[in-house]
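**Q** Residue numbers (our numbering), protein chains in the order written: chain W, 48 to 393; chain L, 5 to 223.
Just so you know, these hints were derived from the structure itself, not from any lab.
The C-beta atom is built at its ideal place from N, Cα and C for all residues, glycine as well.
It cannot be assumed that every hint is accurate.
Listing some non-contacts, in silico: residues in chain L with all C-beta distances to chain W over 12 Å [as the list claims (entries may be wrong)]:
| hint | residue |
| --- | --- |
| 1 | Ser-23 |
| 2 | Asn-57 |
| 3 | Ile-70 |
| 4 | Val-120 |
| 5 | Arg-134 |
| 6 | Val-144 |
| 7 | Val-156 |
| 8 | Trp-217 |
Residues from chain L shown here face chain W by an in silico Cβ test under 7 Å; the list is partial [to be verified]:
| hint | residue |
| --- | --- |
| 9 | Leu-142 |
| 10 | Pro-145 |
| 11 | Ala-148 |
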Amino acid sequence: MIEFRGVTKRFDDGTIAVNGLDLVVEAGTITVFVGPSGCGKTTSLRMVNRMIDPTSGTVLVDGRDVLTVDPPKLRLGIGYVIQQAGLFPHRTVLDNVATVPLLSGWSKGRARTRAAELLELVGLPAELGRRYPVQLSGGQQQRVGVARALAADPPVLLMDEPFSAVDPVVREGLQDELLRLQAELDKTIVFVTHDIDEAVRIGEKVAVFREGGVLAQYAPPAELLARPADDFVAGFVGKDRGYRSLSFVDAAGVEVRPVETADEPGGDGRWRLVVDADRRPQGWRAPDGSTVPGGSLYESGGPVRGALDAALSSPSGLGVVVDAEGRLAGVVEARQVLDVIESRRG
Amino acid sequence: MGDVVKYLSDAGTRAALWSMLLDHVWLSLLPLVISVVLAVVLGLVCHRYRRLNGFVVGLSNVVYTIPSLALFAIIPAVIGTQVLNPVNVVLALTIYTTALLVRPVVEALNAVPAHVTAAATAMGFRPWRRFLTVELPLSVPVLAAGVRVGSVSNISLVSVGALIGTGGLGTLFTDGFRQRYLAPIAIGIVLTLALALVVDLLLVGLRNLVTPWARAGRA
Ligand SMILES: Nc1ncnc2c1ncn2[C@@H]1O[C@H](COP(=O)(O)OP(=O)(O)O)[C@@H](O)[C@H]1O
Ligand SMILES: [Mg+2]
Chain W
48 MIEFRGVTKR FDDGTIAVNG LDLVVEAGTI TVFVGPSGCG KTTSLRMVNR
98 MIDPTSGTVL VDGRDVLTVD PPKLRLGIGY VIQQAGLFPH RTVLDNVATV
148 PLLSGWSKGR ARTRAAELLE LVGLPAELGR RYPVQLSGGQ QQRVGVARAL
198 AADPPVLLMD EPFSAVDPVV REGLQDELLR LQAELDKTIV FVTHDIDEAV
248 RIGEKVAVFR EGGVLAQYAP PAELLARPAD DFVAGFVGKD RGYRSLSFVD
298 AAGVEVRPVE TADEPGGDGR WRLVVDADRR PQGWRAPDGS TVPGGSLYES
348 GGPVRGALDA ALSSPSGLGV VVDAEGRLAG VVEARQVLDV IESRRG
Chain L
5 MGDVVKYLSD AGTRAALWSM LLDHVWLSLL PLVISVVLAV VLGLVCHRYR
55 RLNGFVVGLS NVVYTIPSLA LFAIIPAVIG TQVLNPVNVV LALTIYTTAL
105 LVRPVVEALN AVPAHVTAAA TAMGFRPWRR FLTVELPLSV PVLAAGVRVG
155 SVSNISLVSV GALIGTGGLG TLFTDGFRQR YLAPIAIGIV LTLALALVVD
205 LLLVGLRNLV TPWARAGRA
C-alpha cells in the first residue's frame, strides 16, 4: 500500500508541483494518475521512490515513511518504468534486465537466468537477449523496460507514461499485456498517463489531477465517467463519456436470439448471416442476394458497450454475438440493449 | 636512399635508433595515460558542479594555446628540475593532453541521456557506481576520439622536446640538421609516422574491444 498524507512539493523556483495530496493506493491494484501536462503526476510518482522529496507531508510505502529509508535501498524494492524505457545502450538486453538483481547482490548466473525468465514473461523471444537496445523496436524496448523493472520481483511498480511514445496499435497490445501480467503478479502499480482512455482502460482506480498539482477526483473509472466531480473532470474525461461508460456495464439481461444463416434454404427478402464450416461469422447476405461485410462482433459476456456497437455497426441492424472461440451464438438488436440500460436506471 | 642504407648498416646506430624509439614511446604515451585519468576526474567534477564547466573549459583552451617550446622551457624554472630532465616533457605533455581531453569528456558526460541516468538512479544505483558503470562507459567513444588526437599530438610534440635535449626520435632531426645529413632526418620522419600509425591502430582496436555496443545499431 502507498499512502500520500498531505503531501506538497514546492520546487526551489517557487513552482508548486503537488499541493496537499491525500491519497491511498491499495496493495495489489493498478492506480492511474491522469491529468494534463504539468499537473504534478511525475512529481507525485517520484516522491514514492525518493527521486524527489516532499516539501511537507508524508509518503508511506507499506506503512513506512519513505524518508526514513536510504534511497538506493528503497529503490531496489520499487520497479520504475519510464517513457523512453531508459535502457542502458551499452548493455545487452539480457544484462539490462539483470541489472537490479545484480545490484541486489545476486550472482551473475542467477541474475541472467532470472532475466531470461522475465524476457519470456513479457513475451520477448530469448534471442533478443543478446542484442543491444538500439536493435529493438520501440514497443520491444518498452517490454524490456517492464521486464527490467520486474526482475527483482519488487512489490511496487511505478510507471511514468510507459506507453506514450509507441504507436496506438502497439500501445493497446502493451496495455493488454500489462493487465495480463498484473493478473498473474498482483503488484501495487502506480501508472501515470495524460491519456484518459488509457487511464479508464487499465486503472482499477483513477486519480485525476488538475493544474497546480491538486487532486480533482479519485474514483473507479466507471464512476469517473458516470459522475465526474466537477466541470474540470467532466471536460477532461471528454466527449462520449455516456457511451464510453457502457464499457463498465455488464450485459446481463440482454436476450440473445437465433438468426437465419445463409446456408439454410429459403429466406428470400431477409438478411441472413454468412458463416463458415466452424460457424464463424463471415458477413451478411443482403435481401437482394449480395454479400456485404459484417459489423463488429460482440463476445458473449463482455460489457454492454460491445453489444450496442455490434448492433449499430451491423448492416442488418442485428448485432452478431459470438462465443469465446468466435463461433456464432446469436444476435441482438440495439433496441433490446437500450431497454436493458434504461431498466437499470430504475 | 643509399645514404639511409649506409646509415642503418651500423649496428651501433641501429641500437641507438631502437632506444630513441622506446624513449619516444614512453615520453608520449605516459602523459597520455595520466591525462586520461586527470581529464576523467576533472570531467566528473565539472559534470557534478556544472557552474565549473565554463571555467575549466576556458582554462583548458588557454593552456592549449601556450607554445610547446615555451612550456618545455618554463617548467624546469617553475618546478626546479634540470633542463634535460625528461619529467619536464612528461609534465608539459600531460598538461596539454589534459587540456585537450577535458572538454570532450565533459561534453560526453553531459550528453548521456537524462532518461538513462534517471532510470539508473531509480533502480538503486549509488552515485559512484552509476558514474563508473553507466556514465563513464557511455562516454568512451567520445573520450577515445580525443585520446586518438592526443596520441598523435604527443608523438609529434615529443620531437620538439629534442630541441631542449630530452631524447626520443626528435634527436634524429636535431642531429641531422646540425650535421647537414639527410638520412637520420628521413628515418626520423618514417619512424615517427609509423609510431603514430601503430599507436592509433592499437587505440582503435582497444576502443572497439570495450564498446561493442557503439557499432550495434549500424549492423
Ligand atoms: N525540477 C523542477 N524544478 C522546477 N519546477 C519543476 C521541476 N520539475 C517539475 N517542475 C514543474 O512542476 C510542475 C509539475 O511537473 P510534473 O510533475 O513533471 O508534471 P506532469 O508529470 O504532470 O506533466 C510543472 O509545472 C513543472 O514545470
Ligand atoms: Mg510527467
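**Q** With reference to the structure, classify each hint as holding or not holding.
**A** Hints, verified against the model:
Once the 12 Å rule is applied to beta carbons, Ser-23 (chain L) is consistent with being away from chain W; the minimum gap is 41 Å. Distance check on Asn-57 (chain L): its Cβ is at least 20 Å (rounded) from any Cβ of chain W, clearing the 12 Å threshold; non-interface status holds. Consistency note on Ile-70 (chain L): stated as away from chain W, and its beta-carbon is indeed over 12 Å from all of that chain's, at 36 Å minimum. Not every CB of chain W lies more than 12 Å from the CB of Val-120 (chain L), the least distance being 5 Å, so the non-interface label is violated.
Consistency note on Arg-134 (chain L): stated as away from chain W, yet its beta-carbon is not over 12 Å from all of that chain's, at 10 Å minimum. With a minimum CB-CB distance of about 8 Å to chain W, Val-144 (chain L) fails to clear the 12 Å threshold, and the non-interface call is violated. Listed as a non-interface residue, Val-156 (chain L) keeps its Cβ farther than 12 Å from every Cβ of chain W; the least gap is roughly 26 Å. Not every CB of chain W is more than 12 Å from the CB of Trp-217 (chain L) (nearest about 5 Å), against its label as outside the interface.
A cut of 7 Å between beta carbons decides the hint on Leu-142 (chain L): the least distance to chain W is about 6 Å, and the hint holds. The interface hint given for Pro-145 (chain L) is broken, as the beta carbon of that residue sits about 10 Å from the closest beta carbon of chain W, more than 7 Å. The beta carbon of Ala-148 (chain L) comes no nearer than 13 Å to any beta carbon in chain W, farther than 7 Å, and the hint placing it at the interface is violated.
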